[in-house]
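Peer 1: These protein sequence lines are chains A and B, in that order.
So for the first sequence, the working numbering puts the first residue at 7; every next one is plus one.
So for the second sequence, the working numbering puts the first residue at 266; every next one is plus one.
Worth flagging that the hints you see were computed from the coordinates, not collected in a lab.
Each hint should be verified, as a subset may be incorrect.
Stated by the list, open to error - Taking lysine to aspartate or glutamate and the EDC-like style, the derived pairs with C-alpha atoms no more than 16 Å apart in a straight line are:
no.: 1; chain 1: A; residue 1: K50; chain 2: A; residue 2: D137
no.: 2; chain 1: B; residue 1: K297; chain 2: B; residue 2: D335
no.: 3; chain 1: A; residue 1: K576; chain 2: A; residue 2: E187
no.: 4; chain 1: B; residue 1: K413; chain 2: B; residue 2: E323
no.: 5; chain 1: B; residue 1: K698; chain 2: A; residue 2: E186
no.: 6; chain 1: A; residue 1: K50; chain 2: B; residue 2: E634
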Amino acid sequence: MVAVLLAHEEAHATAQAAGFFAGNAWLIPALPFVAVGVIVFFGKRFRGKGAEVGIAATSISWLLSVIILVTRYVGGGGPVVLRSVRWFPLGRDLGLGLGMRLDGLTSIMFVVVTTVSLLVQIYSLGYMHGDRRYTWYYAALNIFTGSMLNLVIADNLMQLLIGWELVGICSYLLIGHWWEEKPNSDAAIKAFITTKTGDIPFLIGVFVLFAAARTFNITEIIHQVEDGNLSHVTLTAAAILLFGGAIGKSAQFPLHVWLPDAMAGPTPVSALIHAATMVTAGVFLVARLFPVFEASPQALNEVALIGAFTMLLAALLAMVQDDIKRVLAYSTVSQLAYMMAALGVGAGNAGIFHLFTHAWFKALLFLGAGSVIHAVHSNNMSEMGGLRKFMPHTYRTFLIGSVALAGIPPLAGFWSKDEILTEAFRVGARTIPAHGSPVVGSIVYGVGIVTAFLTAFYMSRAVHLTFQGEYRGHGRPHESPATMTGPLWVLAGLSLVAGFAGFPGWQKGFGAWVGVGGETRVPEAHLLLIAVSVVVALAGIGLGRALYARVPARDPLLRLGWFHTLLVNKYYLDEFYMRGIVRPIRDRVSAAIGTRKGGGILRYLQSGDVQRYAAALFAGVAILAFLFTKF
Amino acid sequence: MPAIDYHAVAPELILSGALIAVLCVDLFLPEKRKAWNSTLTALGVLGALGALFTLVGERRTTFGGMFVLDSFSLLFKFLFLAVAVVVVLMSADYLNDSLRSSQGEFYFLLLSSFLGAMLMASARDLLMLFVALEMVSVPAFLLAGFRKTDPRSTEAALKFFLIGVLSSAVMLFGMSLIYGVAQSTNLAEIGAALKARGDDPLVTASIMLILAGFGFKVSAVPFHFWAPDTYEGAPVPVAAFLSVASKAAGFAGLLQVAFLAFGGQTTAWGPGLAILSVATMTIGNVVALTQTNIVRLLAYSSIAHAGYMLMPLGVVAGQGAAIQRQAFAASLTYILVYSFMNLGAFAVVVAVGRKRPWNLISDYEGLSEREPGLALAMLFFLLSLAGIPPLAGFWAKFLVFGAAIDSGTAWLAAVMVLNSVVGLYYYLSVGAKMYLRPAEDPSPIGVPVPLVVAIAVALIVVVAVGVFPDFFNHFAPGATLIAL
Numbered sequence: 007m008v009a010v011l012l013a014h015e016e017a018h019a020t021a022q023a024a025g026f027f028a029g030n031a032w033l034i035p036a037l038p039f040v041a042v043g044v045i046v047f048f049g050k051r052f053r054g055k056g057a058e059v060g061i062a063a064t065s066i067s068w069l070l071s072v073i074i075l076v077t078r079y080v081g082g083g084g085p086v087v088l089r090s091v092r093w094f095p096l097g098r099d100l101g102l103g104l105g106m107r108l109d110g111l112t113s114i115m116f117v118v119v120t121t122v123s124l125l126v127q128i129y130s131l132g133y134m135h136g137d138r139r140y141t142w143y144y145a146a147l148n149i150f151t152g153s154m155l156n157l158v159i160a161d162n163l164m165q166l167l168i169g170w171e172l173v174g175i176c177s178y179l180l181i182g183h184w185w186e187e188k189p190n191s192d193a194a195i196k197a198f199i200t201t202k203t204g205d206i207p208f209l210i211g212v213f214v215l216f217a218a219a220r221t222f223n224i225t226e227i228i229h230q231v232e233d234g235n236l237s238h239v240t241l242t243a244a245a246i247l248l249f250g251g252a253i254g255k256s257a258q259f260p261l262h263v264w265l266p267d268a269m270a271g272p273t274p275v276s277a278l279i280h281a282a283t284m285v286t287a288g289v290f291l292v293a294r295l296f297p298v299f300e301a302s303p304q305a306l307n308e309v310a311l312i313g314a315f316t317m318l319l320a321a322l323l324a325m326v327q328d329d330i331k332r333v334l335a336y337s338t339v340s341q342l343a344y345m346m347a348a349l350g351v352g353a354g355n356a357g358i359f360h361l362f363t364h365a366w367f368k369a370l371l372f373l374g375a376g377s378v379i380h381a382v383h384s385n386n387m388s389e390m391g392g393l394r395k396f397m398p399h400t401y402r403t404f405l406i407g408s409v410a411l412a413g414i415p416p417l418a419g420f421w422s423k424d425e426i427l428t429e430a431f432r433v434g435a436r437t438i439p440a441h442g443s444p445v446v447g448s449i450v451y452g453v454g455i456v457t458a459f460l461t462a463f464y465m466s467r468a469v470h471l472t473f474q475g476e477y478r479g480h481g482r483p484h485e486s487p488a489t490m491t492g493p494l495w496v497l498a499g500l501s502l503v504a505g506f507a508g509f510p511g512w513q514k515g516f517g518a519w520v521g522v523g524g525e526t527r528v529p530e531a532h533l534l535l536i537a538v539s540v541v542v543a544l545a546g547i548g549l550g551r552a553l554y555a556r557v558p559a560r561d562p563l564l565r566l567g568w569f570h571t572l573l574v575n576k577y578y579l580d581e582f583y584m585r586g587i588v589r590p591i592r593d594r595v596s597a598a599i600g601t602r603k604g605g606g607i608l609r610y611l612q613s614g615d616v617q618r619y620a621a622a623l624f625a626g627v628a629i630l631a632f633l634f635t636k637f
Numbered sequence: 266m267p268a269i270d271y272h273a274v275a276p277e278l279i280l281s282g283a284l285i286a287v288l289c290v291d292l293f294l295p296e297k298r299k300a301w302n303s304t305l306t307a308l309g310v311l312g313a314l315g316a317l318f319t320l321v322g323e324r325r326t327t328f329g330g331m332f333v334l335d336s337f338s339l340l341f342k343f344l345f346l347a348v349a350v351v352v353v354l355m356s357a358d359y360l361n362d363s364l365r366s367s368q369g370e371f372y373f374l375l376l377s378s379f380l381g382a383m384l385m386a387s388a389r390d391l392l393m394l395f396v397a398l399e400m401v402s403v404p405a406f407l408l409a410g411f412r413k414t415d416p417r418s419t420e421a422a423l424k425f426f427l428i429g430v431l432s433s434a435v436m437l438f439g440m441s442l443i444y445g446v447a448q449s450t451n452l453a454e455i456g457a458a459l460k461a462r463g464d465d466p467l468v469t470a471s472i473m474l475i476l477a478g479f480g481f482k483v484s485a486v487p488f489h490f491w492a493p494d495t496y497e498g499a500p501v502p503v504a505a506f507l508s509v510a511s512k513a514a515g516f517a518g519l520l521q522v523a524f525l526a527f528g529g530q531t532t533a534w535g536p537g538l539a540i541l542s543v544a545t546m547t548i549g550n551v552v553a554l555t556q557t558n559i560v561r562l563l564a565y566s567s568i569a570h571a572g573y574m575l576m577p578l579g580v581v582a583g584q585g586a587a588i589q590r591q592a593f594a595a596s597l598t599y600i601l602v603y604s605f606m607n608l609g610a611f612a613v614v615v616a617v618g619r620k621r622p623w624n625l626i627s628d629y630e631g632l633s634e635r636e637p638g639l640a641l642a643m644l645f646f647l648l649s650l651a652g653i654p655p656l657a658g659f660w661a662k663f664l665v666f667g668a669a670i671d672s673g674t675a676w677l678a679a680v681m682v683l684n685s686v687v688g689l690y691y692y693l694s695v696g697a698k699m700y701l702r703p704a705e706d707p708s709p710i711g712v713p714v715p716l717v718v719a720i721a722v723a724l725i726v727v728v729a730v731g732v733f734p735d736f737f738n739h740f741a742p743g744a745t746l747i748a749l
C-alpha cells in the first residue's frame, strides 16, 4: 500500500523545505494505528497486556509533535506544509487523497492530543487495572488517538470526515465500555445518535462546499473563498450546515444533552475524549474553515450567539449537580461554548488559545475526579467530603485545576478566558474591526462575565463539597498510586504555566504562531477588564466558600425554588426530546417497518402473502408509469 | 445460413457438456460417491474458464448478431465462472451434510442457471435475452425449493416462481410492443429505430414494462418482496447464488438493454430509475435494521446494494458520452465488487450454519473466540459492504458517488452517503456481536477445506482490490459494449 501511495506522490515542494520532522508529520497519526494492529493481534501476549504498546506509540507521536511545535516556534511560525498523495484519481474533479496540512493550528492540536492521550494512557494503568477488557480498552484509546490526529492533519474534507466519524465511533465504544449495565449502553447510543443528528447537516454542508468549489481540498477551498469565487449565499449555507456538525460534536445547545450522559464511560476516557480532545473537534472544524465562516457575517453571528447561550445554560446546570463528573461535564459544555463564542466574534486565536489551556486543566480535573472516585467508589459529592486529609496529591492538583478554570491569574484559564472577553468587548466597542455584528460582541462579553462568575462559584462548591469538611462516605479512602498522581502533577504544572504562552502584548505569543484564518494580530490587555474579571471570579469563589465552607445539611441552592427544580430537570430538555421527538419518530418508523405487533405498512406488504407481492409488482409498474410520464 | 463461430461459444459448450455429464454420471454413482458430482462440476467450470481465457481480447459476433463476444461480455463471463467456482466450493460440504443423495440434480440445475447467465452477457437480441433470462430463472426456482422436506423451502420456491413468471409476462409484453415499434429484435437495430422515431408514448410504455421485468431480477423496490422470503427458505448456497449471480445476470441484461436499445431515450428512463434507486437503497437499508436473521439481513442488504448499482443509471439522463461511459463503468464495477464481498459473507453464513442451522444474528455472538479467522473474514466482508476504506466496497461506492457528482446530481450522492451511514449501523452491529459479546458455546465450529478456499478467494479479492484500486482502471472502463 505504501508503495502505491508513494508512486502517486505529488505536490510536496514545500515539504523538503520544512525539514525532516515537519515533512514526515504523517507519522504522528500513523503510529497509534500501527499500535492498534499490534495490540489487537498480539496484545494479550505482552506482559503489560498491550498497554505498553499503546503508550510507546503515543510517546513517539508526542515527541514528534513537540519537536515540530518547537521548530515551528523557533522558526517564527514557519511555512504551511502541504503534502498529499492522490490515492485514487477519478473522473473530472474527484480525486481522493491522503494529505497533510501542517500549520500552526495543526501543530498545537498535535501537542494537545498526544500529551493528554499519553497521560491518560499512563493514568489508566492504575485506574483500569484488572478490567475485563483491558487490552481492548487500550486498542480503542489508540484508534481514537490516531483518528483524532488524522482529523487534525487532514488537508481535505473527506479525510477529515473519516477521522470525524471514527472518533465518533470510538466515543460510542468507550462510553459503552461497561455495556453490561444498561444505563451505560443507553448513554453510548444517546451520544451516537445525538452527534449523528448534527452530522447530517455537516455532510450536506461538505457537499454544498464541494459542489461550489469542485474540490474537497481545504487549502484550495480557502483560496477560492479568499479570491471571492464563491457566492455569499453558498458560503452562508455551507457554514451554517457545517456548524451543525460542530454543534453535535462539541455539545452545544440544542445538542448538548449527550455529553453529561457520556460520563458513564471510564473517567480517563471522559478526560481524553469528552473534555480535552474529541469534543473540541467542532471548535477545530470552525477554526480550520475559518475563512468560510468569516465570509458570512450571518454564520459568524450564529456561532457567537449559540456559544453565548450555551455557556450560560450549561454553567447554570453545573451549579446543581451532585455527581462530580457531571459538574465537570456541564463545565466542559460551557467552556466549549466560550471557544465557539470567541470564534463567532472573529477572535479565532483566542478561541484556540482557550482550547489549548482548557485541555490541561479540564483533563486534570477529570483525572482528579477519577482519582477521588477510585478512592470512595462513588460519583456523588454527597458521599465525599474531607478528602483533603486522605488524598493530599489529588487535593492539591484538583485545587490548581479549579483555580485555573475559575480564571484567577496567573493560572492558565485566566489568560485565555480573559483574551476572549477582551476581544468580545472590543468588538462590541468597535475598537477592532469585526466580521460579525458589534452587538453580538457585547452580548458575548456580558454573558461571558456572568458565566465566569458562575464558573468560579460551581468550582468552589465542588472543591468544598469534595475535599473540605468531614468524610461522609463509606470505608477509608486512600491516595491513588503514582501512575495516577504522576499525570495529575504533570497536568497541574501545565495548568500553572500554559497561560503565559499567550501573554497579552507579547509579539511572539500564541496567536502569532497559531494564526487561525491567517490572523496574527497580537492581543492587548485592558487593565480595567482584567480587574473586572478577577473581581468577578473572586466573588464566585467567595460565594461558594460562604455557602459551602461548612457543609450545609440542605443545599442552599434549593432556596431558588422553581428555578432549582428547572435546573435539576435540565430544563426538561431530555423529556422534551424523548416525548416530542424521539418517541414519535421511533413509533412511526417502527410502525412503518413493523417491528411491533399490529402491523405497519411495510410489515403489511412483507406479509409472506404472495398475492400481495404480485399486487406490489403491478403497483410498481404503475408507479414507474407515473414517474416516466412525469419526468 | 452463415457458419457458427464455435470458438466464440466454446465456454458455453463446455458448460453444456459438463451439465449433461453430471446428469448422466450421477445415475451410476453409488450413494457414498455422490460427492464426485461437485468435483465434476468444478472441472466443467474450470474447463469453461480455460476456454474463456483463449477468447480474451477478441470481438466476435455469431448466430446472426444474436450472440456477441466483447470486452463487456467477457468481463461478465469471467465473473459468472468465478462465482460458480465459489458457489460450488460453498455447496460441497453443505450438500454432503444434508442433501447427499440429490447432489446430481443440484449441480445440474446450478450449471444450467450459470449457462443462462453466460448467455445473458452475450445476448444482443430480445429473443436471446428472454431465453437467457428464463434459463437463469427456471432452474433457480427449483434450486430455491431444494430442501424438499422443509415447508419454508417449498414456500420460497413457490413465491419465487409466481412472482418470476408474472414479471416475465410483464417484460414479454414490453418486448412485444417494442418489436411492434422497431420491427426488429436486435438491440442495436432497435436503438437505431427508436432514435429515428423520437418521443413516443408507446416506446415509453414498453421501456417501462421491460425495466419492470429487470426490476424483479435485480430485486429493486417495489419488485423485491420475494427476495427476503426466498433467500431465507432456500439452501444458503442457493441464496448466495441468487443474490450474486442471478442479480448480476439481471444487471448484465439491464445494462445492455438500457444502453444499446434505449440509449437514445435516457431522458425517458433516467429520472425514473434515479427515484427507483433511492427507494431501493432506502427501503433495503431501513428494513435491514430490524432483522434478526442473518440471511434476511443479507437479503435486505443486497436489495440496498441493488439501489447503489442502479444509481449510475439514474444519472445519465441527457448527459454526454463521457458521463454515460463513467456511469456505465461505475455500475459495472459495483456489480463486480459486490459479488465478491456478498459471496464471502454468505460463505461465512454457510460455515456458521453448520452448527447453528437457524442462521440467527445472535448465533454470531462471540464468534471471534470460537473461530477467530472466520470472524475476521466476516468483519472484512461486512466492512467492505458498509463501504469502509481501504476495502473494495469503498471504491465501488466511491465510483458510483463520483458518477453522481460529475453528472451534477449531487442530491443523489448525498442520499447515497446517508444510506451508507444507515448501512454502517447494521453491518457494525453484527461485527460488534462477533467481537464484543461472549460466546454461549465456546467450542470451535470447524470449517471444511472447500469452504475455507471459498472464503479465502472472496477475501483476497476484497482486500486486494481495496488496496490496489487501480485494478478497476484496467478492466471496468475498458469494458464497453460494441456500439456504445
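Peer 1: For every hint, state whether the structure bears it out.
Peer 2: Hints and how they fare:
1. As the CA atoms of K50 of chain A and D137 of chain A are separated by approximately 13 Å, the hinted pair is consistent with the 16 Å bound.
2. Among the hinted pairs, K297 of chain B with D335 of chain B is inconsistent with the structure: their alpha-carbon atoms are about 43 Å apart, more than 16 Å.
3. Among the hinted pairs, K576 of chain A with E187 of chain A is inconsistent with the structure: their alpha-carbon atoms are about 23 Å apart, more than 16 Å.
4. A C-alpha spacing of about 44 Å is found between K413 of chain B and E323 of chain B, which places the hinted pair above 16 Å, so the restraint is violated.
5. Distance check on the hinted pair: K698 of chain B and E186 of chain A sit about 13 Å apart at the alpha-carbon level, within 16 Å; holds.
6. Distance hint between K50 of chain A and E634 of chain B is fulfilled; the C-alpha atoms sit about 13 Å from each other, no more than 16 Å.
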